[in-house]
Amino acid sequence: EAGVVQSPRYKIIEKKQPVAFWCNPISGHNTLYWYRQNLGQGPELLIRYENEEAVDDSQLPKDRFSAERLKGVDSTLKIQPAELGDSAVYLCASSFITGPSGNTIYFGEGSWLTVV
Amino acid sequence: GENVEQHPSTLSVQEGDSAVIKCTYSDSASNYFPWYKQELGKRPQLIIDIRSNVGEKKDQRIAVTLNKTAKHFSLHITETQPEDSAVYFCAASNRDDKIIFGKGTRLHILP
Chain A
1 EAGVVQSPRY KIIEKKQPVA FWCNPISGHN TLYWYRQNLG QGPELLIRYE NEEAVDDSQL
61 PKDRFSAERL KGVDSTLKIQ PAELGDSAVY LCASSFITGP SGNTIYFGEG SWLTVV
Chain B
1 GENVEQHPST LSVQEGDSAV IKCTYSDSAS NYFPWYKQEL GKRPQLIIDI RSNVGEKKDQ
61 RIAVTLNKTA KHFSLHITET QPEDSAVYFC AASNRDDKII FGKGTRLHIL P
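Those protein sequences? They're chains A and B, same order as listed. Quick note: the first sequence, position 20, residue 20 per our numbering, numbers continuous. Quick note: the second sequence, position 4, residue 4 per our numbering, numbers continuous.
So here's chain A without its partners, still in its complex pose (with noise of 0.2 Å):
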């Protein structure tokens, strides 16, 4: 089974220039979470989707990123434009929502975004 794919694995771009991230869930997999790891850090939630449905965006910095999940399969995140402060590993992550919680959720392999 494959699991979630993201692309690109590595990017380096000049601040203020814009980026995006794609990710391809887990098949069949209803939830698609976006995450933000800083190094040395735990992940930290950006957005959670169910299906279409962006139901927790709290956390996204809503100025300069910006998400969504078309048909509720694949998902792209993007930065524009970029700050230096965006240097991190974003995650995508999935899983399928069988009950009230408690769901493994799957990971990515992340993009490495490196702002100059």
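Just so you know, these hints were derived from the structure itself, not from any lab. Everything hinted at is true.
Which bits of chain B does chain A cover? Going by a derived footprint, with three or more residues having C-beta under 8 Å, they are:
id	segment
1	41-47
2	97-106
Estimated spans, in silico, between C-beta atoms of each pair:
id	chain 1	residue 1	chain 2	residue 2	range
3	A	D63	B	T78	46 to 52 Å
4	A	D63	B	D27	25 to 31 Å
5	B	Q81	A	G28	33 to 39 Å
6	B	Q45	A	T98	19 to 25 Å
7	B	L46	A	A20	24 to 30 Å
8	B	K71	A	Q41	19 to 25 Å
9	A	K15	B	G16	45 to 51 Å
None of the values given here were measured: they were computed from a predicted structure. Glycine included, each C-beta is placed from N, C-alpha and C at the ideal position.
For chain A, the structure is supplied; the task is to place chain B on it using the hints.
Okay, now just chain B, sitting in the frame of chain A:
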């Protein structure tokens, strides 16, 4: 909202000895507690999880304990091996499935 504290941030143990990582959480509504292992440059991978209706769970050399009253849970690795070297993250999730992670523990297994 939920806050997860994890200790220690770095842990070095001799190969063959046991390692213990501890976490506390703040939201009494949290009822699911997964542990993830992340090797350098790799994705976080689930190694064990526990739900609030269980006090302890074991899987070969790995065990997790949960104390709901004190709101803390721990990961125990026995007979540590070189391949156990990694960063370990605890996490807590409530009914809204919002999973909050600790800051991680870097485990070094010394030869």
